[in-house]
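Asker: Here is what each chain is made of, one letter per residue.
There are 2 protein chains.
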Amino acid sequence: MAKDKKLVEAITSMEEDFAQWYTDVVKKAELTDYTSVKGCMVIKPAGYAIWENIQHELDRRFKETGVENVYLPMLIPESLLQKEKDHVEGFAPEVAWVTHGGLEPLQERMCVRPTSETLFCDFYANDIHSYRDLPKVYNQWCSVMRWEKTTRPFLRSREFLWQEGHTAHATAEEAEERTIQMLNVYADFCEEFLAIPVIKGRKTDKEKFAGAEATYTIESLMHDGKALQSGTSHNFGDGFAKAFGIQYADKDNTLKYVHQTSWGMTTRMIGAIIMVHGDNSGLVLPPRVAPTQVMVIPIQMQKDGVLDKANEVKTALAAAGLRVKLDDSEKSPGWKFSEQEMRGIPVRIELGPKDIEAGQAVIVRRDTREKLVTPLSELPQKTAEVLETMQKDMLERARAHRDAHTYTARTLDEFKDIAENKPGFIKAMWCGCQECEDALKEEAGVTSRCIPFVQEQISDTCIYCGKPATKMVYWGKAY
Amino acid sequence: MAKDKKLVEAITSMEEDFAQWYTDVVKKAELTDYTSVKGCMVIKPAGYAIWENIQHELDRRFKETGVENVYLPMLIPESLLQKEKDHVEGFAPEVAWVTHGGLEPLQERMCVRPTSETLFCDFYANDIHSYRDLPKVYNQWCSVMRWEKTTRPFLRSREFLWQEGHTAHATAEEAEERTIQMLNVYADFCEEFLAIPVIKGRKTDKEKFAGAEATYTIESLMHDGKALQSGTSHNFGDGFAKAFGIQYADKDNTLKYVHQTSWGMTTRMIGAIIMVHGDNSGLVLPPRVAPTQVMVIPIQMQKDGVLDKANEVKTALAAAGLRVKLDDSEKSPGWKFSEQEMRGIPVRIELGPKDIEAGQAVIVRRDTREKLVTPLSELPQKTAEVLETMQKDMLERARAHRDAHTYTARTLDEFKDIAENKPGFIKAMWCGCQECEDALKEEAGVTSRCIPFVQEQISDTCIYCGKPATKMVYWGKAY
Numbered sequence: 002m003a004k005d006k007k008l009v010e011a012i013t014s015m016e017e018d019f020a021q022w023y024t025d026v027v028k029k030a031e032l033t034d035y036t037s038v039k040g041c042m043v044i045k046p047a048g049y050a051i052w053e054n055i056q057h058e059l060d061r062r063f064k065e066t067g068v069e070n071v072y073l074p075m076l077i078p079e080s081l082l083q084k085e086k087d088h089v090e091g092f093a094p095e096v097a098w099v100t101h102g103g104l105e106p107l108q109e110r111m112c113v114r115p116t117s118e119t120l121f122c123d124f125y126a127n128d129i130h131s132y133r134d135l136p137k138v139y140n141q142w143c144s145v146m147r148w149e150k151t152t153r154p155f156l157r158s159r160e161f162l163w164q165e166g167h168t169a170h171a172t173a174e175e176a177e178e179r180t181i182q183m184l185n186v187y188a189d190f191c192e193e194f195l196a197i198p199v200i201k202g203r204k205t206d207k208e209k210f211a212g213a214e215a216t217y218t219i220e221s222l223m224h225d226g227k228a229l230q231s232g233t234s235h236n237f238g239d240g241f242a243k244a245f246g247i248q249y250a251d252k253d254n255t256l257k258y259v260h261q262t263s264w265g266m267t268t269r270m271i272g273a274i275i276m277v278h279g280d281n282s283g284l285v286l287p288p289r290v291a292p293t294q295v296m297v298i299p300i301q302m303q304k305d306g307v308l309d310k311a312n313e314v315k316t317a318l319a320a321a322g323l324r325v326k327l328d329d330s331e332k333s334p335g336w337k338f339s340e341q342e343m344r345g346i347p348v349r350i351e352l353g354p355k356d357i358e359a360g361q362a363v364i365v366r367r368d369t370r371e372k373l374v375t376p377l378s379e380l381p382q383k384t385a386e387v388l389e390t391m392q393k394d395m396l397e398r399a400r401a402h403r404d405a406h407t408y409t410a411r412t413l414d415e416f417k418d419i420a421e422n423k424p425g426f427i428k429a430m431w432c433g434c435q436e437c438e439d440a441l442k443e444e445a446g447v448t449s450r451c452i453p454f455v456q457e458q459i460s461d462t463c464i465y466c467g468k469p470a471t472k473m474v475y476w477g478k479a480y
Numbered sequence: 002m003a004k005d006k007k008l009v010e011a012i013t014s015m016e017e018d019f020a021q022w023y024t025d026v027v028k029k030a031e032l033t034d035y036t037s038v039k040g041c042m043v044i045k046p047a048g049y050a051i052w053e054n055i056q057h058e059l060d061r062r063f064k065e066t067g068v069e070n071v072y073l074p075m076l077i078p079e080s081l082l083q084k085e086k087d088h089v090e091g092f093a094p095e096v097a098w099v100t101h102g103g104l105e106p107l108q109e110r111m112c113v114r115p116t117s118e119t120l121f122c123d124f125y126a127n128d129i130h131s132y133r134d135l136p137k138v139y140n141q142w143c144s145v146m147r148w149e150k151t152t153r154p155f156l157r158s159r160e161f162l163w164q165e166g167h168t169a170h171a172t173a174e175e176a177e178e179r180t181i182q183m184l185n186v187y188a189d190f191c192e193e194f195l196a197i198p199v200i201k202g203r204k205t206d207k208e209k210f211a212g213a214e215a216t217y218t219i220e221s222l223m224h225d226g227k228a229l230q231s232g233t234s235h236n237f238g239d240g241f242a243k244a245f246g247i248q249y250a251d252k253d254n255t256l257k258y259v260h261q262t263s264w265g266m267t268t269r270m271i272g273a274i275i276m277v278h279g280d281n282s283g284l285v286l287p288p289r290v291a292p293t294q295v296m297v298i299p300i301q302m303q304k305d306g307v308l309d310k311a312n313e314v315k316t317a318l319a320a321a322g323l324r325v326k327l328d329d330s331e332k333s334p335g336w337k338f339s340e341q342e343m344r345g346i347p348v349r350i351e352l353g354p355k356d357i358e359a360g361q362a363v364i365v366r367r368d369t370r371e372k373l374v375t376p377l378s379e380l381p382q383k384t385a386e387v388l389e390t391m392q393k394d395m396l397e398r399a400r401a402h403r404d405a406h407t408y409t410a411r412t413l414d415e416f417k418d419i420a421e422n423k424p425g426f427i428k429a430m431w432c433g434c435q436e437c438e439d440a441l442k443e444e445a446g447v448t449s450r451c452i453p454f455v456q457e458q459i460s461d462t463c464i465y466c467g468k469p470a471t472k473m474v475y476w477g478k479a480y
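Order-wise, the sequence lines are chains A and B.
Just so we're aligned, residue 2 is where the first sequence starts under this note's numbering, counting upward by one.
Just so we're aligned, residue 2 is where the second sequence starts under this note's numbering, counting upward by one.
Hints in this document: simulated from the structure, not taken from any laboratory.
Here the structure is a predicted model, which is why all the values come from computation and not from measurement.
It cannot be assumed that every hint is accurate.
Each pair may be met inside one copy or between any two copies, as identical chains are not told apart.
Claimed, not checked - Straight-line alpha carbon distances no greater than 27 Å define the calculated BS3-like cross-link-like pairs of lysine-lysine that follow:
#: 1; residue 1: Lys-332; residue 2: Lys-64
#: 2; residue 1: Lys-468; residue 2: Lys-207
#: 3; residue 1: Lys-315; residue 2: Lys-227
#: 4; residue 1: Lys-417; residue 2: Lys-209
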């Protein structure tokens, strides 16, 4: 027990070393484990249950917009990967190659999918013939592999889980509409479900997806002031369609190329939850995504009637539709509190002999530690209310943190000073040329995060070269 | 349209050519498609939606027994695969090898998981220390790869989707209990959800899983009299634990090896649904697994009020909790009927101007073509009843078919005659030695399917060698 207790207490504070704090939380909330497979992770039950809730909610939102799920092969023949020039250049350096099947060498080597545009294109080229076959609005849930050099659980690993949507449309307008629609699905999902506020915008050409005409992104800000690209939606125009010969006979009987999109969100969002909401006691899960929302913790459990009442409370909360557990293990209440806090369970209910005598229990919020003494009869309703309030407060707190760490730069010196001393987003004007983007990375260590849809005219000239500015851009250091 | 119509009509009859019938149904019900990746398949929306329902229901049943989901890497380093001798012998000849990551050769090659015992063992060896860490009852949903030479959609393909449960227990008894428990989950799932009756039993040593102490199986019979292994549950004893060093400190402070199990069910169950329930009009889906349970098909749709009423009907059925669609496309009703039948949608509701005038609609069952004229006010309730009845009837019909194709052999001549002329299961006594099993395969072309839990004493001697029999065995040709 002494050893176990140490495990929970030995968490690095985030002010001292944010990276180590992150690693500690991931490990001590039992989200992942290391494996013998370098750069890959084991996602443990507590981590996977979060992913299941993300999947379930995203999938529901996708299907409301007409998305259908499919499954395509995990291997891509090299000749297929090479069909779209920009795409292969972007991905070939970081794929894993299968060269042997059983005891024999393959005639053509295949890579484990790093993303499946080429497979979907190959499929669509066979499956789409007429305007009546359009649109195709398909998605798949799967794992992909990118041979990263340095890895961190959830944030960057050689294998990760995601969904990848791939659509084909008759017109460029419809493809653009779908691209934006899915970006909005991601943004709403992040804000409403994960309590993570996002900036919606477009990637610069330098930062866009290999093979895309336009990449849209939602960017969020972590507690340490670094940005996290949280979901992307790409409009391919007809580039892939031309490379793969995906044509349809239109109503006027002429052959036309389809217009395509793709969009993805990954297990890195679990990393975002940790880094946006966590604190020095561990994980803090927004109630909507939390696998367990309420932990009932009995005090003086051995006393007559305490455990019975705790079970009653659990049953009543479950009946009210809450995801609730009872910790009746042989540990001290204090230890159970620490554990519940480390695991980020949004609310605990403390219940001891004195509470029972007074016909009450104590609801304790994970985020604020606020305590609410509540009559037992009102417990299910009050707990539900506390969870709702907490969900909203977490979003507002994250938004306030982001806004407080969003800076405006009007001169290059100011820009560099912020980049060096004030972790967060920097808003600054840009002329639109990649040279300035490269120079800002070189000199200030930041990349362009996005050209936000909501523009501000901070000044008329590019922060770097002084030429006329075309866009206001969010810049920052990023995961 | 003419061309489309031909597509539906051109289905081979199952009596003429069962294999071609199967291929036709898979293609024309739009369950899968071929790809440029040899031996792999695209699972299209109609096929994947069936898998989603299977997943959802199985996962629910698993969780009721305490199963937790996790995710482990898709690659296995060669040295890890080799740790358990029998296991590597069984799988090494049929795995795909990754030899390069990015532009560089790997120091050690890795295979794409054909199954994940070795990865779970590696994980458990790190994660299990004390009796307090036990049991571990984990499962993962993923895809696996086995380099098969000949492939068929769902039944045998190089990549397939499945779940694989992997558990670790303190005692041999507990492991055996879990092995049987999960076999029972599979059996109940098949019968109650897929309407597929199964024989529960144990595999002979020859047919058991590579590395297992005992393999249990559920075997089902397809319409053509061939068997399909439908789910397996393995007890590994402490063999893997010894090979991987998975030990725990027991209450008495001594180190002990854990006892392990694994169990899996795959997308081949979609093949089973097709081959147990399908007919010469296409797929027939049991109502519980059907993504769409009811198709409302309006007759004389252009007439005033028909489409409105059809929409009303759809809304009322959906409100009653049924999965319902309305086919309001510009096709003839006859064409829509064929399409609904080909896709195996369990019930259609026909609704024309005369029906509306009479305040009624016609419920048509997919399996029996029975028509039930029903007052509109009773439609939701009656449709739900028809679906329930159909689900039960499908199971009973499949059971009757299986029983009618289960034969008892008392002599070797009889055995060979049945094997040659009467497709189905053969029940016959066996001495327990592999020589006789090999000989029966060689001479009669059948394999042992299982040693059923429910034994019958058909005779006292082995059907092949005449020595004393130890067990009654189900034999048959299998997919």
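Asker: 27 Å Cα cut-off: does Lys-417 pair with Lys-209 within a copy, between copies, both or neither?
Answerer: within (24 Å within a copy, 67 Å between copies)
Asker: What label fits Lys-332 with Lys-64 when the C-alpha limit is 27 Å: within, between, both, or neither?
Answerer: Between copies, since 25 Å is at most 27 Å while 44 Å is not.
Asker: Check Lys-315 against Lys-227 for me: Cα-Cα at most 27 Å, and say if that holds within a copy, between copies, both or neither.
Answerer: neither (40 Å within a copy, 50 Å between copies)
Asker: Between copies, within a copy, both or neither: which fits Lys-468 and Lys-207 at Cα up to 27 Å?
Answerer: Close inside one copy (19 Å), not across copies (78 Å); limit 27 Å.
Consistency note: the structure conflicts with earlier hint 3 alone.
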